[in-house]
Every structure is written in structure tokens, then in C-alpha cells.
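Undergrad: This is what each chain is made of:
Number of protein chains: 2
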Amino acid sequence: MSQTITSPSNSAATEAPPQQVVERMQAIVGAENVLTTLADRTVYECDGYTLAKTRPDVVVFPQSTEQIVAIVRACRELNLPFLPRGAGTSLAGGCVPVGGGVLIALARMKRILEINIRDRYAVVEPGVVNVWLTNALKPFGYHYAPDPSSQGACTIGGNVATNSGGPHTLKYGVTVNHILGVELVLPDGRVITCGGPVEDTPGYDLTGVIVGSEGTFGIVSKVWVRLTPNPQAYRTLLGVFDSIDDATNTISAIIGAGIIPAALEMLDRTMIRAVEAAFHFGFPLDAEAVVIMEVDGLEAGLQEEADRMEAIARAHHAREVRKASTEAERALLWKARKQAFGTIGRLGYPSYCTQDGVVPRTRLPEIMRFILTTAQKYHLGICNVFHAGDGNIHPILMFDERDPDQVQRVLAASHEILAECIRLGGSVTGEHGIGVEKIDFMPLMFTPDDLHYMVRLRSAFNPQNCCSPGKMLPTAGGCAEGHTVLQTKPARRAAV
Amino acid sequence: MSQTITSPSNSAATEAPPQQVVERMQAIVGAENVLTTLADRTVYECDGYTLAKTRPDVVVFPQSTEQIVAIVRACRELNLPFLPRGAGTSLAGGCVPVGGGVLIALARMKRILEINIRDRYAVVEPGVVNVWLTNALKPFGYHYAPDPSSQGACTIGGNVATNSGGPHTLKYGVTVNHILGVELVLPDGRVITCGGPVEDTPGYDLTGVIVGSEGTFGIVSKVWVRLTPNPQAYRTLLGVFDSIDDATNTISAIIGAGIIPAALEMLDRTMIRAVEAAFHFGFPLDAEAVVIMEVDGLEAGLQEEADRMEAIARAHHAREVRKASTEAERALLWKARKQAFGTIGRLGYPSYCTQDGVVPRTRLPEIMRFILTTAQKYHLGICNVFHAGDGNIHPILMFDERDPDQVQRVLAASHEILAECIRLGGSVTGEHGIGVEKIDFMPLMFTPDDLHYMVRLRSAFNPQNCCSPGKMLPTAGGCAEGHTVLQTKPARRAAV
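Note that the protein sequences, when read in sequence, are chains D and S.
Taken in order, the first sequence gives residues 1 to 496; the numbers are from the UniProt record's numbering.
Taken in order, the second sequence gives residues 1 to 496; the numbers are from the UniProt record's numbering.
Be aware that one or more of the hints could be misleading.
Some, not all, of what chain D presents toward chain S, calculated at C-beta under 7 angstroms [what the hints assert, rightly or not]: (1) A300; (2) G426; (3) M454.
Bear in mind the hints are in silico, worked out from the structure with no lab data behind them.
Please read all numbers here as calculations on a predicted model, not as lab measurements.
Glycine included, each C-beta is placed from N, C-alpha and C at the ideal position.
Bound-form chain D, shown alone (with noise of 0.2 angstroms):
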């Protein structure tokens, strides 16, 4: 099986599975959650990042800690390479089986094993989907925070991989915020438990450099969140702007004026019109921009809050500032903001590829007009929906993905976004992770001494690098040896 796997050409990931590796995880979860056909595969070869594909050898659905641990240990003794998924949601490539070999797909570990109001934390497992945890939570009033906007769909264990943000992250911090402990299974086959309910413990914070790995220490099995009190109230506003710079230096002025909004999200006009079309939420289509602006927290004092925001936006020269004045308003608000990926075919590209880059707040300006240029230069299609409050871009470049030119074009301007973001003081990713999409830009960011570092970081939890390889650093080795360069670049080939 090493030999299929070392394949450069990958082209074992087409053919059956052997039967030595189905009949041992058949033995531990049973036939009913193992994957073995084509078809089956094909599904899990990438994620929402679709520029980068490979087949697993074996889908396997483990349900308990003990079934995961067995996975890791007959991985090891096949010598085969492993990786977790969730809900496949990311944007990065991180849920792509590099080097082939069994993905584990913890979409079936998804029970909430504890709330625990009192003390402020849940237990969950991996593959609980984010919404489901605060839809468990409304009758207590309370939420989970990380609020992801795919987060009717992604998991908290991928939450925890790529350190998700969301949209209210301005205020509430992102997903390593929010965790106060993760069991661990490492790539021997120990468990370790890191944190807990208790928020004071001892010992070097493993939790919080396991929170944002993307896999590469190895598989999350259980979670311990913080739970956050809802609001007593709610103030949202949208400011409708005629150009990106009044909107942008709204934002910056907001931030400036020493206000702390719940959320601050910008959508410019060619995301206006897509998520106009599909759900008519009577937003003005000849606006070049517009924001969600939000403020949260206690009643006494949140009409100020509110009345100071719109003020700085009419200063900055809105057109309008609506107000969703029921709760019905709200929800209707921030459908449009978190569906609006889902209305992006309404534009009438067939793919599109989420970038995702930040950059100092006070940058947004300069990274817009450069992003409109970027995507002029290459004649490709952007529209950008993104959280303005932390500088957080998501220029979305669509496309045609069977047009090879097309797919060059959508690489080589998402790459000068990107480093356009490095210049400006910034980095490449905000919140989805760095995948095996932004591998080459690691060096850019980072010393050779800070990779070294990073290296041995991982070689501490994962030495054979047999878990998750070819995620996250530019560097092979392992299981991975080879393959980590020989089958991104073909998938990434094949694809133009």
C-alpha cells in the first residue's frame, strides 16, 4: 500500500482500495462507515477549495474516541497517512488527503455531551455542526459565538482546526476565544487531554496552539466550549454607500471613535445584486457598497452606540442608513450576509474561489482599489463580502473551472491579492487556515528560523508527520515525504 501511496501520479486513489486496509477498518467501525467505491472517494477529494484534488484510498466514519484511536494504530502499522474532516466546508484545501490514505471523517461524532449552564461550557463532539450547538442553547439564552457563515454547515472540530472566525469575531474573538479544552488523539494512538471546564490550569496552553493546527497534531475528539450569555439587545444598521472608500473609511472611523461593534460586514455592489436576486431583500443595486453595522450588550446605553455609528457613517457621506428595527428586520440582515456565498451563482459563473486575506483596518481602502484592479487585469469576475471590522477580505474570484486559461488567471491574481496583503502589513489568511492552498506563501511570512521552529513544533506531536501531511508548512518529510510537493502540484495542474 506505501507503494501505491508514494505513486506520484496517485493513480491508486482511482483503483480499488486494497483489501488488507477495507478489512481492518471494516473491524473497527463496522461496513456501514467505511467508503470504499470510486464514487464514494471522488466526493471527499477536495473541499470548498477546488483547485486541489486527491482521492482518499478509505472514507472512514468513526463514533468514539476508541474507534479513532484503533483508525491511528492501524494507520500506523500500514503505514499509511490519515486526516481528519468535518464538514469539508473549508477554503483552503485543508480537508485534502495529500498523499492519499484514509480520511477520517468525524461527521458522525456529533453529539452534545454536555451543557452546562452554571459553569458556562458544553462538551461536544468534533462533528456537532456549529448551529446546532446554538440552537441547543436558545432556551438558556445563550450562544456558542464563533459564528462562521457557513456555520449551518461546518463542525466545531473544523472550527477548531482553522481558528474560524465569523462575522461577530470583531467583538467576540475567534474560535481559540471560545475553547477552553480539546481531548487529542496523536498519531501513536495516545490520548491526551488538554484544558478543560476549569479555565486556570497549569502546564504549557496546548489547547491554544491545537486550536488553528488544521490537523497536523492530530485528531480533535472531544471539545469543551465556552458558552456566551445572548445579548439583551441588539442595534443594526445598514449603511448604504456610493462609493468603497466612504464605506471602508467608515469602518476604519467607527473602529477609531473608540466604539466596539458586535459586527461590522461589507458587501460591495456585484455581491449586492447576486444575493438581490435570489432573496429580494430590497437592497439598492445601484449602490457601490453597503455595511452591516451592529452593536450589542445591554439596553441602557446601546441607542448612543448606535446613533454615534450612523452619524460617522453619515459623515463619511451615506446615502442612507436603514435600521432593522424588529427582530424579524435583523434576522432578514444577516440571512442576506451569511447566505450571500450560496447566491453567488446567480452571477453565472459555474466556480468561484473565496480568497481570504487582512490587512491593518486602516489599509482597506488601498486593498479594495487594488482588488478592483486585480480583477480588470485579469478580466475575471470579483465581488467581495467580507468582515471590514478586522480588515478580514474575501474577494471571491469566479470562474469557469473546465477553462484552463480561466483557472490560471484566478491563481495568479488571487496570488497578487495576497501578497498585496503581506505589503500592506497584513497576512494571507484571517480565518480559513493555510490549507495546502497557501503553503508558498509561509516562507513570505515567516524566517527560515520560524519554520524551523514550526517544524519542530509538530515533530513534538507528530514526528512521522503521518497525520495531515502536506498541510500548513513548506516543508515534506514523513509519511508524507514526496508526496506533499508531487500530488498538490499534478492536482493543481490537472485542474488547468
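Please build the complex by placing chain S on the supplied structure of chain D, with the hints as guidance.
TA: Chain S in isolation, oriented as in the chain D frame:
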């Protein structure tokens, strides 16, 4: 020199350090920045935890990252252990030079390098005293949020090493929540930068794992910290209680009611007596406990929050609820809290040992009763002043260090209290770290597999364990092999 250090009696440390070492260090930092006499080195034999003492062979004061690099490289060549020290306010022996060697005192790296209000960060050298930064920020209406009681003396570098808390941790979080990045000199002399002013950086969250690593990864040479806007207003109340249970139940009830106070600090009767004897604040000497309750934020709505806290205190039989009606009155209350430790001398004991445990907030009544019983059992004076809102207790055991029997009783009582914290679902340190004092508790809190991976993590940065040997983890090895056990234990026994 390496023989000298391996000597179990540490006798060398009473002799003059080898000329070779002194000359190397003087060549790097100048003679005026090297301490070599017995008297000078004796000052650095311990920190706030006086029950473990080991004299360093030499104390060196670098003034730049380059000098730290040169010192570390020289130590490596000379096969000498080394460790960083801030102000020495650690209460768990974190600054004790286990195994002798070179103590790298960072107190002269005390420059605030940059204050950037717009992007809300500052860059400081590790020797900057915590309160200096907040003082420097006053004109801008900002502060550095973590405020240990020792903030007038402790350094930001030391805060990073132990992940310090403080009274306002309850609302604002501990040090790790306010550190954006660090520059770290590794034990091999390489320098890496983790994080920085941009919040979203890809790669592993090395900053998070370095904060709280107690110098076991390397020497932090520069720190990027987050700045926090000053609250618009405060309400500070003092609840006076005739029973400890009423006071702790009030605390639990305030949090349970969904209020997020800025601080909830408790002083018991003995502590009140000491504070009163020193400062004459007018605290009621016959009360069993007082609780400082503070809310902060926007003026609007704040009084309502304060009123709710007062009502909860009264519902739990507070005899009286005093209000700080002016900024001067508020400052006085905080002076009482923050200088409480300094007043313990009034109670007539020459030494005290401040313990640091954590329990779930709802278990506070139990642990307070246990502390009282344990004090009686061992005939020790014990007083309490602590971060009640966090469940972070600080029983202060008072004794005479010259009396071996008293020392023995203090150690036994400390051990029992901390073991009880674990039994109640808590931990043996909230903010002071493991240091040398609490190493023996680590196997009670972590499985062998957990500890195995902590050691592997340390080895990723500090493979020879020459940097801060004998700290945090119950393992010998490398530079410290032999000393870890041989030198801290005799030091304790010597004190006994």
C-alpha cells in the same frame, strides 16, 4: 565549570564563579552589568517563594536582544544552564536558578519601544515594569489590562512567563489575552518572532504557548501587547459580611445572574485587620469578610448593574454595602486590595507563603472552610485576599522561616490545600505558575501521556533543557540532569 554545577551540594555557588565565565559575560555586556560577589549573587538565590533557594554562578544584565543571544551562545559553549528573571516577584520559585549557572536578569531592558494608539498596541522590552506601561498610556486614555497586585514591581516579561492574572482578570482576561506577539531567543541562540501587531497571523499560535511557559522555551526579548481603552465609568462597591459563606455565595450569585463585573475581590477578617493597621481605611474590624465589587464600561446602564450587585449582596445578608462615590475613594479601595500583601508584616510573622489555587466558583465556600480547618490543624496563621470572581484563592500562610517545624507545617498545609483544590475540580495554580514549588503536583493533574507531550513540546524549543532547567515539568534531563532533583530538594530541606 560543569562539574561545579553537577555538584549536589551546589557548593560552587558559594565560591567565586570561574574567571572564564565572568570574562565571557563581561566581554558581552561590560563589567558593570555582571554580578559575581557572593553577596550580590545571594540576592538572586530565590524569588517571592523563599522556601527554595539556589545561588546563581553569575548574574548578567543584558541590554539588547543581541546581548541575550551572545549570552545564550556562551552558555551553550560553556555547558552552563541559564534562565531569565524579571523582577523576582514570582511566588512559586520560577526564578530560582536550579543547577546554578547564569541568571539573565532582564531588569535593564526596560524601554517602551513603541506606543501605537491607532492600532492599539505597544512594543516593550521584557524588563518594563507592568505599571510603567499603564502610566505611559494615561495621556491617551488607554491602559494595559493585566494588573497583578505586584504591578508596581513585576515586569511584563515575568507576566508573560507566568501568564499573570490580576484583580481585573475576571472581565479582561489574563496576560495571554493581551499579548499579540513575542520575540524569543531560543536556547540555541536563534531568534524567532511569533505574532506581532496584526491580529491574524497564520501558522501555529506559538505566542499562546510561549505565554505561561515559565522560561522553559527560551528568553523573551521583546513583547507586543494589546492596549485597552479606559472604561468610561466605574462603580466600585464594598460589601461587608458577617460570614465567609455569605460573601462567597454573593460572588457566585453575581456571576450566576449574568453580570460580568470588572473585579470581585475578597479579603477575610485577618487580612482586613492587617490592611486596617497599616492604612486606616475604616474597614469594619469585626466583619468576617469584605468583597470589592466593581463594574465598568459605558456610563449608561452602569448604575443599574451596580444596583443589581448591591441587591444580590443584601439578599445574601451583607451587613452593609459601601459605595466609592469619588475617584479618590475608588483609588483607596484598590490601594487596600493591591497593597494588602505589604501589610502582612503587621500581623507579627516574619515570613509568609502565598498560595495560589483555583476552584470552581461554586466551591468557594467549601475551600474557604477547608483552609480554615487546615490552618487550625497545623496551628498556623492564615489570611486570605483573592480573586474571588475567578475562584482563584490566595491563602497566605504565615510563619517564621527560622523555625524548621513551622516551615514543615506550612509545606504540609499548602500541600493539603492544593490537593483539596484538585479534588474540588480545580487546579494548583491560577496565575503564579508551577515554578519549582508545584512540580510534584503535575502528575496529580496530568496523565503520563499528557506530561510526555509537554516534555516533547519543550524539547522542540529547548532540546538540551539548558534553559530554565528544573521548572514546571517533573522531569530531569539535559543540562539539569541530576540538579533538578538534587538541588531544589536540598534547598527545601535546608530551609526546613
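Undergrad: Give a verdict on every hint.
TA: Each hint, compared with the structure:
no. : hint : in the structure
1   : A300 : holds, 3 angstroms
2   : G426 : holds, 6 angstroms
3   : M454 : holds, 5 angstroms
Hint compliance for this structure: every hint is met.
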